[in-house]
Amino acid sequence: MTFKGTLEQLKDLVHQLGIPTHWEHKGPYELCLFDDGISNLKLNWWPASGELRLVGDPEVRETVEQRLLALLAS
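The opening position of the sequence shown corresponds to residue 1 in the working numbering, with each subsequent residue numbered one higher.
No lab work stands behind these hints: they were computed from the structure. Idealized CB from N, CA, C, for every residue including glycine. Hints should not be assumed to be uniformly reliable.
[To be verified] Derived CB-CB ranges, DEER-like:
hint, residue 1, residue 2, range
1, Gly37, Lys4, 18 to 26 angstroms
2, Glu8, Glu59, 28 to 36 angstroms
3, Ala70, Asp36, 15 to 23 angstroms
4, Lys11, Gly56, 17 to 25 angstroms
5, Glu62, Thr2, 27 to 35 angstroms
6, Leu7, Ala70, 17 to 25 angstroms
7, Ala70, Gly27, 25 to 33 angstroms
8, Gly27, Glu59, 28 to 36 angstroms
Construct the entire structure; sequences and hints are all you get.
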């Protein structure tokens, strides 16, 4: 997945998932931690390349990834 917008735009998209999150700056990338109390999902975003990588529990990750892809496409 890729996203070429701003951090604020990405935060707005992730917010539309309806899952509590918090963000941390990690040098070359931004990290979004999902605070759902169920999974260990994390979204890594490298602004320079636009690469997005969702990592964590496969059961939850696949559903969230599909929802995120739909938001990115709209």
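Can you name, in rising order, the numbers of the hints this structure does not satisfy?
Structure breaks hints 1, 5.
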